[in-house]
Amino acid sequence: MSNGEHLVEVENLHMYFPVTAGVLQKKVADVKAVDGISFYIKRGETLGLVGESGCGKTTTGRCILQLYDGIQGNVYFDGVNLSQLKQEQMRRMRRNMQLIFQDPFASLDPRMTAGDIIGEPIKVHNLAKGQEYRDQVAELLRMVELEPFMAVRYPHEFSGGQRQRIGIARALAARPSFIVCDEPVSALDVSIQAQIIILLQRLREELSLTYLFIAHDLSVVRNISDRVAVMYLGRIVEITDSDELYANPLHPYTVALLSAVPIPDPVVDRTRERIILAGDVPSPIMPPPGCNFHPRCQQAIDICKVETPQLINMGGEHWVACHLVK
Amino acid sequence: MNAGIKLDAGMIPELFVRKMTTTDEIVLEVKNLQTYFYTSEGEVKAVDGLSYFIRKGESVGLVGESACGKSVSALSVLRLIPYPPGIIVGGEIIFQGQDLLKVSEEEMRHIRGNRIAMIFQEPTTSLNPVLTIKRQISESLELHRGLDKEQSLQETIRLLKLVGISDAERRADGYPFHFSGGMQQRIMVAMALSCDPQLLIADEPTTSLDVTVQAQLLEIIDDLRSRLGTAVLLITHNLGVVARYVDRVNVMYAGNLVETAATDEIYGNPKHPYTIGLLASVPRLDSERKKSLRIIKGLPPNLARLPGGCAFHPRCEYAFDRCRVETPVLEEVSLGHMRACFYDVDKLKK
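Protein chains in written order, with numbering that gives the first Met the number 0: chain A, 0 to 325; chain B, 0 to 349.
Hints were generated in silico from the structure; no laboratory data involved.
Honestly, I wouldn't trust all of these hints.
Derived list of chain B stretches under chain A, where covered just means 3 residues or more per stretch with a C-beta under 8 Å from a C-beta of chain A [as the list claims (entries may be wrong)]:
| no. | stretch |
| --- | --- |
| 1 | 106-119 |
| 2 | 139-151 |
| 3 | 211-221 |
| 4 | 228-242 |
| 5 | 292-304 |
Ideal Cβ positions, reconstructed from N, Cα and C, are used throughout, including at glycine.
Can you make the complete structure from the sequences, with help from the hints?
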């Protein structure tokens with residue numbers, strides 16, 4: 000069950016977090032953070048993962064990296080089933096897959112210098128020592144457009160954008176082939192966002208990287224991704240080419256999500272249809288039965304309330320999970 | 000867009016004010032506002048010589064990156080600058096004909112939350128966690144509008160329904176933690192509107208919210224503006240939100256305006272290098288995939304160590320000698336469109 004063209008394959012992934020109560024911490028319910036999703040990421044491709052807060056985007060990214068216990072379903076990386084690996088094997092495997100975090104202020108240890116932060120993966124995975132180690136750290140700093148002399152500085156001496164560059168350099172240190180970028184630009188200023196997006200694009204070309212790019216900002220995701228998967232309440236509702244997603248969205252949730260994003264051009268924006276979704280995203284502890292979007296869907300019919308729609312192929316690489324789309 | 004509040008001639012503030020004082024349409028006029036902070040790093044000119052105005056029923060956007068002075072300018076209007084270290088050094092804040100910098104603290108308390116309301120970015124930290132929603136909204140109704148208990152309860156429920164909270168009778172008894180972020184922000188809007196303010200200042204009201212909730216909330220605010228004629232000052236860094244919801248845009252950089260124009264004009268015909276750069280650096284939903292973004296090089300400035308001359312010159316691709324020594328002021332480039340820049344307006348690339 001693996002295709003040489005696909006670097007990452009996810010099969011029927013579930014991640015439930017127990018909700019406990021009482022003195023004995025008895026399990027009373029599950030938070031169904033990820034509830035049965037399957038997808039693949041091709042080599043050299045960027046797959047965008049979008050959705051509102053609490054939809055399970057981050058959990059999906061971390062499940063691929065096997066950062067939780069109790070993951071159900073299979074994750075294949077380069078043809079290897081990660082769920083069958085022993086801890087030590089997984090540790091070595093992790094060298095190939097890294098994570099870039101959202102908050103450049105919380106994700107760097109304030110007591111380590113930039114050089115130590117960036118060099119840590121090199122030490123952990125025993126990739127270089129002595130002068131070679133120092134050369135590699137300097138090279139990584141240059142790669143993210145910082146200066147090698149900055150290696151001795153501490154995180155507080157850097158701006159938000161520069162810290163995110165340090166986080167990127169750390170992710171690159173072990174020379175991975177796959178990086179999960181979890182909201183890498185959301186905490187940054189507008190003019191700095193563009194700098195980091197361009198940096199990530201350049202690194203992908205130069206180092207032949209494959210990205211899973213998680214973000215809530217559809218404009219950013221569309222700009223950087225080849226394909227985009229839209230998540231709602233633990234499930235993928237639509238997955239397709241990023242141009243196709245904008246030009247021809249099929250799932251009612253995707254349509255509403257796109258229409259909620261204003262385009263920074265009043266003349267263009269005025270011509271767009273606006274769909275205002277009612278209410279909030281329901282709790283993932285008790286998701287609605289059937290299609291879990293049906294309580295907010297303006298087109299819901301009877302079958303939506305009882306039967307969960309499956310992802311079906313609409314031609315090419317366009318998949319959608321909706322009873323109304325035939 | 001409300002056609003009745005489109006801007007017309009005479010946008011240079013002096014001219015404009017002279018004209019408008021007769022029609023009494025301006026709700027707020029800020030003139031040459033200077034708010035400084037005295038910190039260990041020295042004097043920080045967070046707002047330095049800012050002037051702008053808002054008319055009745057108009058929605059004005061204040062756009063800029065973090066630490067450009069957007070929030071400080073809004074807090075200055077309400078005189079909520081913490082002292083020390085901050086102090087309003089100079090300027091005038093004319094609200095409905097009255098200079099707020101000259102009124103007593105007692106009078107100011109009657110204006111805050113009553114005639115001028117404010118919504119902040121973080122609803123979670125703005126609501127009192129140990130009081131019910133009902134209690135928090137009815138407090139201002141009893142205080143500012145002199146309603147009795149029964150009346151204020153009725154009014155609270157009406158307001159909660161107005162901002163789209165269903166089952167308001169029951170949910171008014173809830174505490175803030177019973178509500179999601181989006182719901183809490185609606186409660187903040189209900190509270191802000193409880194006294195029919197003439198001016199609503201919304202400081203990044205949707206930044207911590209999801210896009211679908213952001214759309215719901217901004218539609219509510221915009222609907223109230225057009226129905227009740229409330230003037231809205233929308234402070235944000237999101238250029239998409241500005242394009243959709245405001246009539247006029249003020250672009251701020253390093254404590255002052257660099258450009259101001261009607262929304263269509265500023266997006267279609269930006270004339271300041273910073274505005275041009277900012278617009279080119281945002282990814283757009285409708286642009287082609289992997290269309291390369293333009294970059295504004297460098298970092299937003301440290302307000303404690305501003306460069307001489309135009310504050311933007313170290314990041315500006317057009318900067319020349321004059322920019323390094325002389326500070327540009329707002330000058331009209333076309334009707335109602337002003338910018339603070341020395342570079343030849345016709346030579347700017349778009």
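Hints, one by one, checked against the model:
With 0 residues having a beta carbon nearer than 8 Å to a beta carbon of chain A, the stretch 106-119 of chain B misses the requirement of three or more and the stated coverage is violated. Here the stretch 139-151 of chain B counts 0 residues with a CB under 8 Å from a CB of chain A, which misses the bar of 3, and the coverage is violated. Counting residues of the stretch 211-221 of chain B whose beta-carbon sits less than 8 Å from any beta-carbon of chain A gives 6, enough to reach three: the coverage restraint holds. Given as covered by chain A, the stretch 228-242 of chain B passes the check, having 7 residues with a CB less than 8 Å from a CB of that chain where 3 are the minimum.
Look at the stretch 292-304 of chain B against chain A: 6 of its residues bring a Cβ nearer than 8 Å to a Cβ of that chain, three or more, so the hint holds.
Comparing the model with each earlier hint shows violations of hints 1 and 2; every other hint is respected.
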